[in-house]
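All chains, please: the whole structure from these sequences, using the hints.
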Amino acid sequence: MDLPKYTGTIHPEEWVKQVQIYCYLKGIENEENIIKFSKLMIDSTIIIPNVNEINSFEELIKALKLHSTFSIYKNSCKRKLQLIKYIPEQEDVTTFLATFRSLCVEISDHKEIITMLINSYSNYFFKDEFIKRVEGINSVDEIFKIFSEVVTFDESKIIIKFGTSIALKHVATGKYLSSYNVNYLTGSGQRVVFAGEELPDRNALWHVTCNNTNHNYQHYQHCTYDDSFYLTHKETGNKLYISTTHKSPTTGQLEVSCRNNEARSLNWINTNTTNNNAPYVKAKDVITLKY
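Residue 275 in my numbering sits at position 275 of the sequence shown; the count goes up by one each step and never skips.
Rather than coming from a laboratory, the hints here were simulated on the basis of the structure. A hint or two may mislead.
What the hints assert, rightly or not - With a straight-line Cα cutoff of 27 Å, these simulated DSSO-like cross-link-like pairs (lysine-lysine) come out:
1) 85 <-> 26
2) 145 <-> 127
3) 78 <-> 62
4) 284 <-> 132
5) 127 <-> 161
6) 234 <-> 284
7) 290 <-> 169
8) 161 <-> 145
9) 17 <-> 36
10) 175 <-> 85
11) 127 <-> 80
12) 26 <-> 39
13) 85 <-> 74
14) 85 <-> 62
15) 145 <-> 284
16) 161 <-> 132
Structure follows, in structure tokens:
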């Protein structure tokens, strides 16, 4: 292990720890001598006023934090935090959070940390769940713990409930059932429904509403494969409608639209190759929608 030089590219507290470790490994335990070594290892371009009067680690760290290089270091860390992305296929959550922690060591505002964690992962279901679970949480350690739990949760075990948000991914193309405030120029003239992006965004979120007059069916009750239901587009509030007369201008199949005054009742058809007798509809199930 080489004695690390201070160049302003590391947090002063972390650098002092590394110097102490180096000295302890070399059998140097006298604090006065370690501080002398530390001051000698500050890059010559970093001028610390009255450096010879510094006699403790606390004074040394404070002096380094007052230098302009520390402001540059903090700003650099913040820019990295604003750009950092969690990609599960490329790294595990432990590695990601270790990097994230090292960059936000000077950030004490838990709300700012929450915002940057939300922006780090492009998954709307994660965002909804994470936002709900960190509400009222002030502990940064607890916030990191919740992030880890949410991103590593096994979605295949989630049972879909009425009133919750879902996204429907087309198996063949990997695109999500979507809609927005644009109308068909032909056919019904209603809001378009289409296969959107390969990552779910706000245009791909739908509410599941049970089509059952039985008062025993409540919001957030589990969906079963025997239930019929409506799909309500979360962003626009319109309901999914399948026309029996109009054709899609792009596929020639029956036109699918969103309407604010009509809806088409749907049924789940379980097409899972395994466990296709399961009573409840779960996230990651392969299904067909039947009207």
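Return the numbers of the hints above that this structure violates; sort them in rising order.
Numbers 1, 14 - these are the hints that the structure violates, sorted from lowest upward.
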